[in-house]
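*Asks:* Position chain B against the provided structure of chain A, taking the given hints into account.
For the record, the sequence lines run as chains A and B. Residue numbers for the first sequence follow the numbering used here, beginning at 131 and rising by one. Residue numbers for the second sequence follow the numbering used here, beginning at 710 and rising by one.
Check the hints yourself; a few may be wrong.
As the list claims (entries may be wrong) - So the derived label-pair ranges between C-beta atoms look like this:
(1) N914/B to F346/A: 47 to 53 Å
(2) E972/B to F227/A: 52 to 58 Å
(3) P926/B to L350/A: 49 to 55 Å
(4) F346/A to L884/B: 39 to 45 Å
(5) L761/B to A430/A: 56 to 62 Å
Claimed, not checked - The calculated SDA-like cross-link candidates involving lysine to any residue, where the alpha carbons are at most 25 Å apart (straight line), are:
(6) K147/A to I1019/B
(7) K333/A to L1120/B
(8) K201/A to F283/A
(9) K1034/B to T411/A
(10) K331/A to L1120/B
(11) K319/A to I1019/B
(12) K597/A to S549/A
(13) K456/A to G629/A
(14) K597/A to I633/A
(15) K933/B to T900/B
(16) K942/B to I336/A
(17) K147/A to L747/B
These are calculated hints, taken from the structure and not from any lab test. Predicted, not measured: the structure shown is a model, and the values here were computed from it. Glycine residues also receive a C-beta, built at the ideal position from the N, C-alpha and C atoms.
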Amino acid sequence: MMISNSYNTQRNQSAEKIFFLIFINILYIFSWFCLYNLSLFLVDDYLLATLFFPMGLHIGTLLILPKLYWKSLLSAHLILLSCLILLMLQGIHQPEFLDIKSIVFFYLSPIISTLLCIYTRKYWIKWPEYWQQLLQILSVILIFSFIITPLCFLFFHNTLFAWNTFLTTTTGGVIIAPFLYLLFDFLFKNRWRPVLPTIIKEKYHINIPNLLLIFFFFILSCSSLTSFIKIWPILFYLIIVLPNIFLAYLYGWQGGVFATVINSLLLTSTQYILGMFHSATEVQLFLLTQALIGLGLGIAISRQYQLAQQLQKTNKRLMHELNANKKLTRQLVDVEENIRKEIARELHDEIGQNITAIQIQTMLIKKTSHEENTHKFSDSINELAQKIHKVTRTLLTQLRPHALDTLGLTESLDRLIESLKFKEQNIQVTSLIHLTPQSCNDVTQITLYRISQELLNNTAKYAHASKINLLIEVKKNIQLTYRDNGIGLPLDWKTRGHGLLGIQERVAALGGKLTVNIHCKGVFIIIKLPKDTLS
Amino acid sequence: MNINKTYQYWRLHLFLTIYCGYVIYYFTRKSLTFAMPLMMDDMHLTYNDLGLLTTSAYVLYGLGKFFFGMLIDCSHSSLFMGLGLICSGTINILIGTNLNFNWIFYLWLINACFQSWGWPCCANILAHWYSRNERGFWWSVSNTSLNVGGSIVPIFIGMISLHYGWRSAFIIPGLFAIFTGFLLCILMRGTPKSMGLPSVGEWRNDPLEKEHENIEPTLLFPDKLCRYVLQNKFMWLLSGAYILIYIVRMGINDWGSIYLVRELGFDLISANYTIIFFEIGGLFGCLVAGFGSDTLFSGNRTPMTLIFSIGIFLATLCIWITPIKNLYILSICLFILGFFVFGPILLITMMASECSHKSLPATATGFIGAFGYIGAAIAGFPISNIIENYGWNAFFVAITLAATGIGLMVLPFTTLDKKKLN
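Chain A with its partners taken away, still in its complex shape (with noise of 0.2 Å):
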């Protein structure tokens, strides 16, 4: 069974790349005799109706389709070409003239288009996104038409007839062309899975508004046609432009593509009832410009819609990694405040402890032992000790403030003002502290006590100030303000020492914002920090 599965499955491959070959030659022969018809109705010239549609299904399904089917569609090419001619000399359509210089022009201009495609599809998979294979396919048809315009002057030696083969060639082509790529598009870069039953609890996603909206302009562009045209034509160009606009706008390229399309058959059949324009360049004319604008800014709009995408994509990412390093920040603010809390703790408790004792043991020593020399080795021990006790002190306000612990941040900012000698300097502090335990966590709290404390440390030694002013209150979020009126901040306060920039490092890891008022005599800063941060 496994055997005759595996046998039926290459079977069927090559089975399907046949059927594909066939497949393709139909629909190019089909497509290609019904696209002459209607050429050779708008520009009235054999030759020219072979440049016009037909060479745009031409050059669009070679540069689309993989060499492997060239083929097929090359050898569909030959029969139509042939089948023409042989129609020609039966005299079953007859042209104007036919002589062998434009049956060789006849054969030679899709040798021309070929080999350009070849040319060209080595840029192809090179560059795979939508509006480089566009803009490929519309260069490609440029560069055929100013192939093909000299050559035509010189076989026929007609000037009137190298501009029109030019203008039809480059019309065909850009209308023509890109709707190619949109079926191609849709049809084969879709993987199609086969229809069950079960698509009954399915919602299919048609706006029905924007259809209606659709159907009304392409409506309003044929009524255009019907009326407009003799009475204000300028009115009636811009109608007539309306539906490529809208799909353009609302699906992009696509939508550009396909109106575009839709508006030339709608363009070519009443010019078939009505015929309102009086020569073919009038027409081609028409077509080209509106294809173009179609075109052109259904272009523009994917690719402004894709490039919008990009930007979005690229700042949620930013802003992802941001958030990412604001946590890791705080967390290292939150493990350093850990850090120092327990070693000062420990500080606190072992060296405090033993050099109690230390003194002890030296006040014991002194009491024991009555030798003058023992007695001075004891007294320096206990200096020793103390000097020891007192820096261990200071270093331990400097690691963690005992009192902010015991006392909460109001109670131990009154005491470092107080510790810091103010008012023997003839320095007038004014603090207000409006601060409930809730809005502010043990981190908070710990940095605006240090925020506090390098501002006023540096007003101390360095402003002469005579007033300071220290307010933090809770808004929106928790706001410290401070001002004095020294001499303010050196200009280059963001590039010299350490403290005022290890500030404004920490407040941004916590999610804040440090302000420096510069246009104020002496200093002005303003700092918010996030309510509650690490919740």
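*Replies:* Below, chain B alone, put in the same frame as chain A:
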């Protein structure tokens, strides 16, 4: 291995049976159409009489497809196809021996009802004996019986009526049909399960088919009917598309030759020959559409339908606008149009049977078919009005709009079942 052989034998057997049977169905279905010119002279009938007769027969045939489709799905009987043919043959003989047009009128309407027993039986066999990844091909081949019948019958009936008179043009196909009907009764079989074989999904090990078979297998018939046919919004979309495509098909079939004769000034015989290309193109179109949807789009019929509806659009424009109003060129155009029109007819029928319950193929295709023949009726009277009041340009505009509509109707299916590659 034994099962393999039995299965393969019965598949071929049943396929040939339904193919030949359906071709014979055509003999008693179209007998009136082609015997009509002689009948009109003989019985002094007007165009209006015949127009009314064919239009009401169309509607009755379409409705019959739906109702008898339900009956066939309910009863699981294999006798319907043969019985229908026997009855239809009898009625044809009755028509052939009758003198009164009133009687012929009603008999022909009853004939339309019996005619509608044919296709649902075929759909039933195709849905139960062929699995999802090969059905497109087999269905399309069986659908060519329509084109074969459509091209043999005019010649056959035409010859008989010319040589032996219009009455024998009813009686001979009638006898023929009764004979074939008895044969069909003997040769036809039901589902594989009724013959003790495993279901086709199990036999071919087709996961999709098995999934289809296992969707609510024990549901009661009225519930199935409501949930999978009447309340199935996709079925309604398909019906809409089917109406439109039948407007195009019947519009070209019925009015094409008149356009060629009246507007372009060709003679009747060459015009009729040109119209045959429409059918021939349809034959190829069916095969390509069925096989293509199997191989290129792994059994999803939507993309193929879209390609073909673009083709209809283009081909209609081409016939209409082409500046070379030459019979050869127009034959090619009609061939192309036929190619693109008959493909979606097949694909939409298949989609209908595939998006309804596994045991309802006849009902689903019958439901769609009913709408198709409403479309055919529309192609008769309203279109003739359009031609009369607004000219041939309006006729082509209507046909082109219908082609656009087909594309729009299947568009919702594309939003369901695809995933962007890479």
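*Asks:* The structure should be examined with respect to each hint, and the outcome stated for every one.
*Replies:* Verification of the hints:
no., hint, verdict
1, N914/B to F346/A: 47 to 53 Å, "51 Å, holds"
2, E972/B to F227/A: 52 to 58 Å, "29 Å, violated"
3, P926/B to L350/A: 49 to 55 Å, "52 Å, holds"
4, F346/A to L884/B: 39 to 45 Å, "59 Å, violated"
5, L761/B to A430/A: 56 to 62 Å, "58 Å, holds"
6, K147/A to I1019/B, "23 Å, holds"
7, K333/A to L1120/B, "13 Å, holds"
8, K201/A to F283/A, "31 Å, violated"
9, K1034/B to T411/A, "24 Å, holds"
10, K331/A to L1120/B, "17 Å, holds"
11, K319/A to I1019/B, "19 Å, holds"
12, K597/A to S549/A, "17 Å, holds"
13, K456/A to G629/A, "21 Å, holds"
14, K597/A to I633/A, "22 Å, holds"
15, K933/B to T900/B, "18 Å, holds"
16, K942/B to I336/A, "13 Å, holds"
17, K147/A to L747/B, "51 Å, violated"
Checked against the numbered hints above, the structure breaks hints 2, 4, 8, 17 and satisfies the rest.
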